[in-house]
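Taking the hints into account, I'd like the entire structure generated from these sequences.
Letter by letter, the chains look like this.
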Amino acid sequence: MIYVVIAFLWAAILLYILLGGADFGAGIIELFTSNKNKQYTRTTMYQAIGPVWEANHMWLIIAIVVLFVGFPEIYTTVSTHLHIPLVIMLFGIIARGTAFTFRNYDAVVDNMQKVYNKIFVYSSFVTPFFLGVIAASAVSGKIDTNAADFGTAYIFSWLNWFSVTVGFFTVAICGYLAAIFIIGETKDDASRIRFIRKAKQMNVAAGILGALVFWVAHSEGIPLNEWLFDNAVGVIALIAALLSLALLWYLLLKKGKVYIIRVLAGFQVTMILLAITLRHYPNIVVLKGGKYLSLMEHAGQEKTIYSLGMALLLGSVFILPALFYLIYSFQKNKGQWH
Amino acid sequence: MEDFIAARSQMALSLGFHIVFSCIGMVMPFFMAVAHFYWLRTNDVVYRNITKAWSKGVAIFFATGAVSGTVLSFELGLLWPEFMKHAGPIFGMPFSLEGTAFFIEAIALGFFLYGWGRFNRWFHWFTGVVVGVSGLVSGILVVAANAWMNSPAGFDYVNGQYLNIDPIQAMFNDAWFSQALHMCIAAFVATGFAVAGIHALMILKKKNVRFHMQSFRIAAVFACVAALLQPLSGDISAKDVAKRQPAKLAAMEAHFHTEAAASLIVGGIPDSKAKEVKYALKLPGMLSFMVHSDFQTPVTGLDKIPEQDQPPVAITHYAFQIMVGLGVLMLLISLCYFVAILKKKSWLQHSWLLRLFVLATPMGFIAVEAGWTVTEVGRQPWIINGIMRTADAVTPMPGIVYSFYIFTAVYISLSLIVTFLLYRQIKMVDKLYDVSPTA
Numbered sequence: 001m002i003y004v005v006i007a008f009l010w011a012a013i014l015l016y017i018l019l020g021g022a023d024f025g026a027g028i029i030e031l032f033t034s035n036k037n038k039q040y041t042r043t044t045m046y047q048a049i050g051p052v053w054e055a056n057h058m059w060l061i062i063a064i065v066v067l068f069v070g071f072p073e074i075y076t077t078v079s080t081h082l083h084i085p086l087v088i089m090l091f092g093i094i095a096r097g098t099a100f101t102f103r104n105y106d107a108v109v110d111n112m113q114k115v116y117n118k119i120f121v122y123s124s125f126v127t128p129f130f131l132g133v134i135a136a137s138a139v140s141g142k143i144d145t146n147a148a149d150f151g152t153a154y155i156f157s158w159l160n161w162f163s164v165t166v167g168f169f170t171v172a173i174c175g176y177l178a179a180i181f182i183i184g185e186t187k188d189d190a191s192r193i194r195f196i197r198k199a200k201q202m203n204v205a206a207g208i209l210g211a212l213v214f215w216v217a218h219s220e221g222i223p224l225n226e227w228l229f230d231n232a233v234g235v236i237a238l239i240a241a242l243l244s245l246a247l248l249w250y251l252l253l254k255k256g257k258v259y260i261i262r263v264l265a266g267f268q269v270t271m272i273l274l275a276i277t278l279r280h281y282p283n284i285v286v287l288k289g290g291k292y293l294s295l296m297e298h299a300g301q302e303k304t305i306y307s308l309g310m311a312l313l314l315g316s317v318f319i320l321p322a323l324f325y326l327i328y329s330f331q332k333n334k335g336q337w338h
Numbered sequence: 001m002e003d004f005i006a007a008r009s010q011m012a013l014s015l016g017f018h019i020v021f022s023c024i025g026m027v028m029p030f031f032m033a034v035a036h037f038y039w040l041r042t043n044d045v046v047y048r049n050i051t052k053a054w055s056k057g058v059a060i061f062f063a064t065g066a067v068s069g070t071v072l073s074f075e076l077g078l079l080w081p082e083f084m085k086h087a088g089p090i091f092g093m094p095f096s097l098e099g100t101a102f103f104i105e106a107i108a109l110g111f112f113l114y115g116w117g118r119f120n121r122w123f124h125w126f127t128g129v130v131v132g133v134s135g136l137v138s139g140i141l142v143v144a145a146n147a148w149m150n151s152p153a154g155f156d157y158v159n160g161q162y163l164n165i166d167p168i169q170a171m172f173n174d175a176w177f178s179q180a181l182h183m184c185i186a187a188f189v190a191t192g193f194a195v196a197g198i199h200a201l202m203i204l205k206k207k208n209v210r211f212h213m214q215s216f217r218i219a220a221v222f223a224c225v226a227a228l229l230q231p232l233s234g235d236i237s238a239k240d241v242a243k244r245q246p247a248k249l250a251a252m253e254a255h256f257h258t259e260a261a262a263s264l265i266v267g268g269i270p271d272s273k274a275k276e277v278k279y280a281l282k283l284p285g286m287l288s289f290m291v292h293s294d295f296q297t298p299v300t301g302l303d304k305i306p307e308q309d310q311p312p313v314a315i316t317h318y319a320f321q322i323m324v325g326l327g328v329l330m331l332l333i334s335l336c337y338f339v340a341i342l343k344k345k346s347w348l349q350h351s352w353l354l355r356l357f358v359l360a361t362p363m364g365f366i367a368v369e370a371g372w373t374v375t376e377v378g379r380q381p382w383i384i385n386g387i388m389r390t391a392d393a394v395t396p397m398p399g400i401v402y403s404f405y406i407f408t409a410v411y412i413s414l415s416l417i418v419t420f421l422l423y424r425q426i427k428m429v430d431k432l433y434d435v436s437p438t439a
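Keeping their order, the protein sequence lines are chains A and B. Under our numbering, the first residue of the first sequence is numbered 1, with each subsequent residue one higher. Under our numbering, the first residue of the second sequence is numbered 1, with each subsequent residue one higher.
The set of hints was computed from the structure by calculation and includes no laboratory data. Honestly, I wouldn't trust all of these hints.
[To be verified] Calculated lysine-lysine pairs in the DSS-like style (CA-CA distance at most 27 Å, straight line): (1) Lys257(A) <-> Lys38(A); (2) Lys85(B) <-> Lys114(A); (3) Lys427(B) <-> Lys118(A); (4) Lys187(A) <-> Lys36(A); (5) Lys118(A) <-> Lys56(B); (6) Lys427(B) <-> Lys56(B); (7) Lys288(A) <-> Lys85(B); (8) Lys85(B) <-> Lys291(A); (9) Lys282(B) <-> Lys243(B); (10) Lys114(A) <-> Lys56(B); (11) Lys114(A) <-> Lys431(B); (12) Lys38(A) <-> Lys56(B); (13) Lys85(B) <-> Lys303(A); (14) Lys38(A) <-> Lys118(A); (15) Lys114(A) <-> Lys282(B).
In structure tokens:
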């Protein structure tokens, strides 16, 4: 049952990155869109994510619940030492979720819309940035559970170049996912071309930031190279990601099928997550001094894991068909551009 | 302010904020379903407009409730890591199920909000009902988790170790039923009176009378039925608390001395030093009767509870008085309303009845907040009743005070914006829904 629980945890994180990421990316794209195209971007994004955005959010909650029920020590260590970035991320989530809803449900359309938009785009940037920071800090080995002073214990656990670079990388990935997603939602050629350009820009940005992550990791003494390249799975996953990226660019240029493009983008992100997580498995948090928090050793008692697994399995019987039907219904009702 | 108090205040603030939104998210879908049902049955456009108008309110409240709920799932660990480390695996079951219930609620809401004209009409209606049912289930599950803190079960506590964990037994702890029942009915009372009150005000202002009258009727019936049922569930809760948490009951009642034929203390100012209540109305024997169904049986007072295990008496007592007082007022209004619709149709023509409802608009939610204060403050100094002290659970990170200030600012601004949005929704009713100003 522990494997079921771990699989759900991993899937929830992946789906949050893919779906929630595209969702954040919508705001990031909006932030980097010239003023004259903003309204169009906004409307297209709203039609695309409106019905499902609330559901996207749930993947994060599932991951958190799995952590605090099944792996309480991991949850509490992370939430103690990464308290500050978590709180900032939470403010991002609050601001984003409410601003998105408020701008669509304000009965009067006036200058308040500008306020909602500002809040929405900036929090769309801040939230995934700090998600990246938190994820990076969890594996960077900077969390010092024995720290005596405030700075070491609660600030420098996350405020370092590695975490910050990964934060920016995450933002770029989200923007990339959203741009790829939105290509299929456009109704005319001009805007399609615009979003293809956006996707390429975001992709290049992600590539550069990704390279920067390696460089920073190297200079901070984090063995990222080893983690990714000293095992077959990591290498294969990254090669697969690169190959699919090449194919994706080819399809973008050739006006290929939008669904294939989406699948390829999703595949790349999946491979990246796989490469990062598998090397450490079953460890999930790397602490200072080479100590680990492990999904195996720090799991809750057997009965807890069993009932958690059952609850998750039971939940997916209800959730997955309903969710697919929701997405299917709203995709079906739209004209595609090709 | 010291960090421990700041952490408690931040948690109280977050829960106090979330509880309003989750009550509305739980209850409004049922009001909507009724209006929607009338629309499908009668083809009266006003009912469709009501459904749509309410659904916009629900979308706003649901989104705010969803994010504040997400924040809470993190705050448990951010503020109370020591608690979560031990409690997470024990009382986590309702949370894992709640994830499912809430997910279904979000999916169903997606269908409902964006489904107008896209699906079979009754399927669309059904998705609205699913929103309500799964919301209610979520609420029950979360309250079951809270009930576990009052009535820990499903583990053996041996030398500071939590052994033989049984999450199912923990979920069905002794307090879950009475607490969940009381909370669900409270959600209907609070939301019902708030909605009915707002529509009553608009009727009094003679704006879109037909629209607001029909909305008012739906909300008022729910509110009044719930307000009549609430004392019964309150009685179950009181007896249950007396049995499981005598300290909490004693604090609620400001009952300092264990005595036979204990009197029920109404109002008054408790003085914890002098161990007496000043200026209170005392009804001899009534407390014994309430708790034990007998006028003579002694009721445990605070004198039987060691000093360091006593909850703050004054806050718990005041909060309890506010809750019960408002409950009684709403009960009286409900009785008036039922007399009006069953016996004295003429009362419905008079504005005093509507004025009463306007007056009662915030009462339900104030009562909910007060009741929540009773259960949380009344459990102190424990975070897990009798097992772990709140002070031992708090995060070691200093500077929580600042976090508390920022959270306060954020929640105050959010409340203001939501109020503002609601005001605009109501103001725009005639422009948005094409309703004639008079019936």
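field: Given hint Lys243(B) paired with Lys282(B) - CA-CA distance at most 27 Å
entry: At roughly 22 Å apart (the allowed maximum being 27 Å), Lys243(B) and Lys282(B) satisfy the hint.
message: What's the verdict on Lys114(A) and Lys56(B), does the C-alpha distance respect the 27 Å limit or exceed it?
response: With a Cα-Cα distance of about 20 Å, the restraint between Lys114(A) and Lys56(B) holds, given a limit of 27 Å.
- prompt: Hey, Lys257(A) versus Lys38(A), does the alpha-carbon distance stay inside 27 Å?
  reply: holds (25 Å)
query: Has the given pair, Lys427(B) with Lys118(A), been kept, meaning a C-alpha gap of at most 27 Å?
result: holds (25 Å)
- prompt: Lys118(A) and Lys56(B): Cα distance at most 27 Å?
  reply: holds (22 Å)
- request: Take a quick look at whether Lys114(A) and Lys282(B) sit within 27 Å of each other, Cα to Cα.
  value: This hinted pair is violated, its Cα atoms lying about 58 Å apart.
- prompt: Holds or violated: Lys38(A) with Lys56(B), Cα cutoff 27 Å?
  reply: Since the Cα atoms of Lys38(A) and Lys56(B) sit roughly 25 Å apart, the hinted pair holds (cutoff 27 Å).
message: Checking one constraint from the list: CA of Lys187(A) to CA of Lys36(A), max 27 Å. Satisfied?
response: This hinted pair holds, its Cα atoms lying about 17 Å apart.
message: Would the hint linking Lys85(B) and Lys303(A) be met if the CA-CA limit is 27 Å?
response: holds (16 Å)
message: Next pair to validate is Lys85(B) with Lys114(A); report whether the Cα-Cα distance is within 27 Å.
response: It is violated: about 43 Å lies between the C-alpha atoms, which goes past 27 Å.
message: Would the hint linking Lys85(B) and Lys291(A) be met if the CA-CA limit is 27 Å?
response: OK: Lys85(B) and Lys291(A) at ~19 Å, within 27 Å.
- request: Would you check the hint for Lys427(B) and Lys56(B), treating anything up to 27 Å between C-alpha atoms as holding?
  value: holds (13 Å)
The structure fails hints 2 and 15 (numbered hints given earlier, in ascending order).
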